[in-house]
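A.B. asks: Respectively, the protein sequence lines represent chains A and B. Sequential numbering of the first sequence, starting at 0, is according to numbering that gives the first Met the number 0. Sequential numbering of the second sequence, starting at 0, is according to numbering that gives the first Met the number 0.
A couple of the hints might just be wrong.
[As the list claims (entries may be wrong)] Computed footprint of chain B on chain A, listed as stretches where at least three residues anywhere in the stretch have a Cβ under 8 Å from a Cβ of chain B:
1) 25-37
2) 44-52
[Unchecked claim] Straight line, CA to CA, 25 Å or less: simulated DSS-like cross-link-like pairs of lysine-lysine:
3) A/K228 to A/K274
4) B/K215 to A/K41
5) A/K7 to B/K138
6) A/K44 to B/K215
7) A/K325 to A/K297
8) B/K193 to B/K64
9) A/K301 to A/K274
10) A/K159 to A/K134
11) B/K193 to B/K223
12) A/K266 to A/K228
13) A/K41 to B/K138
14) B/K138 to A/K44
15) A/K126 to A/K7
16) A/K324 to A/K301
17) A/K192 to A/K209
[To be verified] Some but not every residue of chain B turned toward chain A, in silico, with C-beta under 7 Å:
18) V150
19) G152
20) N158
Quick caveat, the hints were computed from the structure, so don't treat them as lab data. Just so you know, even glycine gets a beta-carbon here, dropped at the ideal spot from N, CA and C.
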Amino acid sequence: MSNRVLMKGNEAIAEAAVKAGCRHYFGYPITPQTEIAHYLAKRMKDVDGVFLQAESEVAAINMVYGAAGAGARVLTSSSSPGISLKQEGFSYIAGAEIPSVVVNVMRCGPGLGGILPAQGDYFQCVKGGGHGDYKNLVLAASGVQELFSLTMEAFDLADKYRILVVILADGTIGQMMEPVIIPEDTDMKIFDKPWAASGKKGGNVHHTIKSIYIDPVVLEGLNNRLQSKYREIEANEVRVETSALEDAEIVITAFGTCARIAKNVIKEAAREGIKVGLIRPITLWPFPVEIISETARKDSVKAFLDIELNAGQMVEDVRLAVNGKKEVLFHGRTGGMIPSQEEILDIVRRIAGGGF
Amino acid sequence: MNIQIHSEGKSSEAVPKSAFETYETAWCPGCGDHAILTCLQRALTELGKDPHEVLMVAGIGQAAKIPQYISANSFCGLHGRALPAAIAAKIANESLTVVVSSGDGDSYGEGGNHFIHNIRRNVDITHFVHDNQIYGLTKGQASPTSQTGHVTGVQVDGNINIPLNPMLLALAMGAGFVARGFTGDPDQLVSLMKAAIMFRGYALLDILQPCVSFNKINTYADYKSRVEPLPEDYNSSDFALALKTVQIFGEKIPTGVLYSVEKPTFHAQQATLSSGVPLLKRSFKLSAVEKVMAEML
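So here's chain B without its partners, still in its complex pose (with noise of 0.2 Å):
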């Protein structure tokens, strides 16, 4: 008898062995950040990065874990504040592939401020958003981008904000790369993975995750009725059709690269990091320091 077992986050075809290793995670059985962690290992592995050369960072969440959970250089910052360390590693050293991964509390809630900023720099770096609708480590208030209507422990008669729209707030900021994922399509989620890591400048992922145990009304079910990839033919370097695209969030919600267009980075624009070669690379002289100090002296 075959016994098939499919488990989300898994493709059918067999996994190539792996630079990158997992480890044992606090999550709930179900949640689809498994899927988002298996996902990110396959692309990492297939774009042929190593270890030493992938810094993950995140915030707090429980999104917020996945750097504790992949052997790559990992940074766990402060609630929301992930974006400003990413930023600043990647100017220490641009030969670091990074790449934020962590929460839709996290990242549009407390982070907000930086979310915004951080688009019009345009550092070149990934941002993997696990959004499921909901803040799941303190066990399910709503989120910035909780549905209106949506009750919670604390939202008793309802959540009574407008959704934020990460997609659209991204692309009315400048983003370049702008994209939505669902844990649900682990195939067509790596290579969104892979498309937002190669990107050059900011690229912004938003990746549909549902919470098993906080959130009962974006289930799996509920997402997998609802997204719909986009068109082959679709144009992405269309700015119009974007602003277009991303505000449909209904019965349908579009998944793929919503819009990608390169534009100048920061490092390419900043007069000192422009010449490519990272700041931990430089040569250090010396005869200039001597200079400096005997003109003080």
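Pulled out of the complex, with its shape left as it was, chain A reads as follows (with noise of 0.2 Å):
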């Protein structure tokens, strides 16, 4: 059974932490997401949750860590300012280890920028903007039904790793409506935490929830157990889509908005008889390395065109896995700015005559 309603993408991130038993959230108001307060301000109450509306973005992540310590599934939302604020946070949960879900639909910078979307944020979620060695374990999608499916998904490969999970969205994958199928019933998965202190009676009553290691033989201990951690993930979470690869000729890399205006550009194209393929991260990390070189290794492949919303963050992943076998393009625009369908396939248009 399920049922299919139009949501905004705020509303489908919050229905789908409800659907994956999230009954913990955290938040601080801030434009493009206080929807999704909104929404589970009400909802909450429906399955006997918990809403709460902190002093700040610093209290609310420290509230993520204090109730996913505690071993519950818990949720906070922010906006690009916002999340600057969380990135001690961000750092701690990491060495801590505690599983949780932060969503950042992100706003233009940098500062206080606008509300208007962008993407300017990869770096700071993707490389990880809080001090230390650490990662984020990163999912953008570029539709609201995907928005719905990755947010419960993040519920479970954030207990899985014990790890935080970013669900990087920008303001137009926020605030657009689509229609979403919502599942009734969820296989969600219950995860055993014996790590947290949950109050459970019974094995090891000194559950301590820390990140501070004086000894330096144990802290690189633990900094050699996330990076094998960090490396199973690569292996196993890389989630990518690709689109028109057999043939193309010309291939743009994209996630969210970007992607959506891309897949346009790639039918617009093949009317004028240029090849042109995507390939749209879906986990910005682990980062889709493979597919990408594999791509680049290709003969019928002249170029590769980035397209973002920002100046130019993605495109050093891209060059990264490209490894110098072909010329990497970026395009890219900020401040809230999006590019259009015609100014894509003008640059295509331009590469594919040889004059970009």
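Build the complex: two chains, separate frames, hints provided.
C.D. replies: Following this line, the structure appears as structure tokens:
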């Protein structure tokens, strides 16, 4: 049984969290994601959950640390400037290996910037905006239905790997409305959390949630363990969508909103006889290195074109994966500007004609 | 036929030509922020300030847009972080008249920690808090000063938190100047703003300011029926009386200078700054630098 409804991206995130068994939400108002809070303020009542408006983003991420540290499924959400504030918490949560889910509905920066869509937080979320050697698992949807399923999946991934999962959406994806099929019954996985400060009787009574290790040998041991966990995630959790790669001469790489525009460009270009393919990373980390690397080796591929709503962030990972085998071109818009289909099509035409 | 137009924030008397220009705002029609802007312009003008002498500082929020709407030096800081930026600007240049003008969410919520610790520091700055008891910019969530039971889009069963009493907190932290105004009484507001700016040390003026779009409880009519100027014989140097008075916030809300006693400022106590010459205006002796360099090289 399932239910088909029209939802905003932000509402889909909120409902998916509830379906995934999340019963704790901590947040602080910021545009363009406040709908998540408004939705959950009402919805948490129906499911005996708790909605709490924190005094700041810093408080909210530390509430996530606390409640997730006690073993609960927890969500917080914010937008770019608020996510910057949470970075200290990200690092501590990584060090203490606490399963957490954080939504970032990106707006344009730097600084307060504006409230319009952007993808300028790729570096911050994918490379790690806090201190130390750690990774977040980063999921980027390009539609509302996908946002729903990825949000549900995020909670399983967080629990499975004891990692912080970022749902990285831009303002367009958060605000747009699309039909969503909501599953009535979900096969929610239950994860045993013996490490949690859960109040459970028996076993180890000294459950310490911490990231401090004064002994360098012990701390290096933790870092090694984290790194081997990250290698395991890289090996098992890459998610990517590809389109028209078989005979593509130009390969567009894009995530989120830009991938939607790219799909239309591919259709239009095909009509003009230009063969364009798409690689859309769904996991921004782990990054789909292999498929990009394989594609770069193909003789049919002339060049890559990376499109982002920033000044060039994911393109660095694309270049590392292409590793000099083909030229990687970049087109980005910032400040809340979104490239039009015609704008990208024009670049594609110029690449095909050798003039970019 | 005589038509009299009375708009909030404008006194019935003719406003003298001000050196401070104001610009088109993005606030809702009827917002109390308009009155605060007009009163601010009047207060600065009546104090004889020039725009170049004034630094307006704010964080983030509807209120925090105010530095962009008046011709003075202006600093648009981070959410909740106006005070650290403001006191640091005053440390860098003591000759600036530094006025923080920001909202209740910005000043008391996100910036709560800075609020507490900058009262303790007692840098000679002025802090106007546009207190509308709601988050306006994000369209209506409870703020630190929202009353218990206030229903919003996210406090769906009503706010269950105890409202923050900024006047009581400021007094408890040792603030030297604690006052409350209301945008519906612009003449009083102008005099409070002037007193706050003239006060030597950290001066807090909490301004009740209705949010006509997102707070349907604390309206003009609501505040108007509750505010009551302090009696003329009120002794604002009596700490015990102030402590008692600031706790009145219900059917009656006292307005005026609740407490005013000057204490040694940060600048007066800080070894380098106590000379009174702003850091920016200190003479620079190249010979001293050369001497240090010679010793080090």
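A.B. asks: Determine for every hint whether it applies to the structure shown.
C.D. replies: To see whether the hints hold, each was checked on the structure:
1. 25-37: Per the Cβ count (7), the hint holds.
2. 44-52: Our answer is that it holds, as 3 residues pass the Cβ test (under 8 Å) against chain B, meeting three.
3. A/K228 to A/K274: 39 Å, violated
4. B/K215 to A/K41: 20 Å, holds
5. A/K7 to B/K138: It holds: about 18 Å lies between the C-alpha atoms, which stays within 25 Å.
6. A/K44 to B/K215: Distance ~24 Å between A/K44 and B/K215 Cα, so the pair holds.
7. A/K325 to A/K297: Holds: A/K325 and A/K297 sit about 10 Å apart, inside 25 Å.
8. B/K193 to B/K64: 21 Å, holds
9. A/K301 to A/K274: Judged against 25 Å, a Cα distance of about 10 Å means the pair holds.
10. A/K159 to A/K134: Roughly 15 Å separates the two Cα atoms, so the pair holds.
11. B/K193 to B/K223: 22 Å, holds
12. A/K266 to A/K228: 40 Å, violated
13. A/K41 to B/K138: 16 Å, holds
14. B/K138 to A/K44: 22 Å, holds
15. A/K126 to A/K7: 28 Å, violated
16. A/K324 to A/K301: At roughly 10 Å apart (the allowed maximum being 25 Å), A/K301 and A/K324 satisfy the hint.
17. A/K192 to A/K209: Roughly 15 Å separates the two Cα atoms, so the pair holds.
18. V150: 11 Å, violated
19. G152: 5 Å, holds
20. N158: 9 Å, violated
Going through the hint list in order, the structure does not satisfy hints 3, 12, 15, 18 and 20.
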